[in-house]
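Novice: Single-letter residue listing:
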Amino acid sequence: MDGIHDLGGMQSFGPIRREVGEPVFHEEWEGRLYAMRMATRLQNPGNLRPHIERMAPGQYLNSSYYEKWLHAWTQILVQNGVLTEEELRDREAALAADTGTPLPRREDPHQARQALERLRQPQPLQRAATSQPRFRVGDLVQTRHFHPPGHTRLPRYARGRQGAVVKFYGFHDYPDEDAAPRVQPLYAVRFAARELWGESAELDSAVYLDIWENYLE
Amino acid sequence: MTHDHDHHHKSPATLRTRVLESLLVEKGLVSTDTIDAVVRAYEQDIGPLNGARVVARAWTDPAYKKHLLEDGTAAIAELGYTGRGGAEMVVLENTSQVHNVVVCTLCSCYPWPVLGLPPPWYKSYEYRSRVVREPRTVLREFGLELPAKVEVRVWDSNSEVRYMVLPQRPPGTEGLDAEALAALVSRDAMIGVANVQAP
Numbered sequence: 001m002d003g004i005h006d007l008g009g010m011q012s013f014g015p016i017r018r019e020v021g022e023p024v025f026h027e028e029w030e031g032r033l034y035a036m037r038m039a040t041r042l043q044n045p046g047n048l049r050p051h052i053e054r055m056a057p058g059q060y061l062n063s064s065y066y067e068k069w070l071h072a073w074t075q076i077l078v079q080n081g082v083l084t085e086e087e088l089r090d091r092e093a094a095l096a097a098d099t100g101t102p103l104p105r106r107e108d109p110h111q112a113r114q115a116l117e118r119l120r121q122p123q124p125l126q127r128a129a130t131s132q133p134r135f136r137v138g139d140l141v142q143t144r145h146f147h148p149p150g151h152t153r154l155p156r157y158a159r160g161r162q163g164a165v166v167k168f169y170g171f172h173d174y175p176d177e178d179a180a181p182r183v184q185p186l187y188a189v190r191f192a193a194r195e196l197w198g199e200s201a202e203l204d205s206a207v208y209l210d211i212w213e214n215y216l217e
Numbered sequence: 001m002t003h004d005h006d007h008h009h010k011s012p013a014t015l016r017t018r019v020l021e022s023l024l025v026e027k028g029l030v031s032t033d034t035i036d037a038v039v040r041a042y043e044q045d046i047g048p049l050n051g052a053r054v055v056a057r058a059w060t061d062p063a064y065k066k067h068l069l070e071d072g073t074a075a076i077a078e079l080g081y082t083g084r085g086g087a088e089m090v091v092l093e094n095t096s097q098v099h100n101v102v103v104c105t106l107c108s109c110y111p112w113p114v115l116g117l118p119p120p121w122y123k124s125y126e127y128r129s130r131v132v133r134e135p136r137t138v139l140r141e142f143g144l145e146l147p148a149k150v151e152v153r154v155w156d157s158n159s160e161v162r163y164m165v166l167p168q169r170p171p172g173t174e175g176l177d178a179e180a181l182a183a184l185v186s187r188d189a190m191i192g193v194a195n196v197q198a199p
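Residue numbers (my numbering), protein chains in the order written: chain A, 1 to 217; chain B, 1 to 199.
Hints may contain errors.
As the list claims (entries may be wrong) - Taking lysine-lysine and the DSS-like style, the derived pairs with C-alpha atoms no more than 27 Å apart in a straight line are: (1) K66/B with K167/A; (2) K10/B with K123/B; (3) K167/A with K10/B; (4) K66/B with K149/B; (5) K167/A with K65/B.
Rather than coming from a laboratory, the hints here were simulated on the basis of the structure. Since the structure is predicted, the reported quantities are computational estimates derived from the model, not experimental observations.
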């Protein structure tokens, strides 16, 4: 969808602010949220991104990175029936009233070990070929000019643009929420800066994107 | 509000995260020590020193470098760095003619096993919006002035394939071993917003 998350090429954001020696997590809750999302075993873990992308622009821009995660993951947990709105409300009231007591702990060293192993487990992304790839390295290609209502990985700035295939990555899962085949050839495509940004392009630069075959005319 | 109350004041996000933790732990879906262990892993073990070791190995072992550029996933796995957010790795070599830099304009995709979690600036609206459009200007802001003859390649990391930059080895480091070289390689150099400086 053409949401606020699709930021590539937008102007007016100003200088990039950097911290020196910043911590991995700035606040304790960020780390615990991140770890819960990584380690909680759910039948359907869900995908945070479509939920984040549907946030209203003002809310998106004013939420920190992990606040967006919190928003999206809470929605997923409720939608998938893991938690109910009522449980959330009741527990929130109880914990808000009790400022001192630490949360009850449950230890499961076996689960902790497994979670750490899973973080490091190789996860092959290659899928069996489902078709003959339509393009080869060196081919000139044209991206489609589309505006799908759901999640897509083709940013606005690269739609309806010409590029050249520089790598073939084999067959990968297709992440968009449309009806196209779920496994597709994936290519790296080079777009000259001039093709993307016209007269205002900087000299001698190019942008490379990973392009599923369905994104190409 | 007294100081004592301040101490216990919780932001809405802190409170909501405590709500999730208490409910998920109670339901047996995750244990407290699992959460502790994953936080520790990303705070202490899974960070840019991993990527720096890959770079140092490539600088000191030409056969490894060739393997790394041809099959980043396998060459990096050889050093033990595999897993979530880095299932398939492509390594981009910076040279005197080509400078690569990585971004994720739509989100925050980043090669976790070799670089850890991304710094806030990598996830910022400023970096995501600007580096695809004005990479030379952005790199200059990072203190990296590239000669006009160097081509800039911006990799917008939009699939599950993850990218890491192999920076140029700085002159004057011929006498250093892999361990000493790894200590020079910054996270920013492996994203492509800095060069590696000789000590």
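Novice: All hints, please: hold or fail.
Specialist: Hint check:
no., hint, in the structure
1, K66/B with K167/A, "holds, 17 Å"
2, K10/B with K123/B, "holds, 25 Å"
3, K167/A with K10/B, "violated, 49 Å"
4, K66/B with K149/B, "holds, 25 Å"
5, K167/A with K65/B, "holds, 19 Å"
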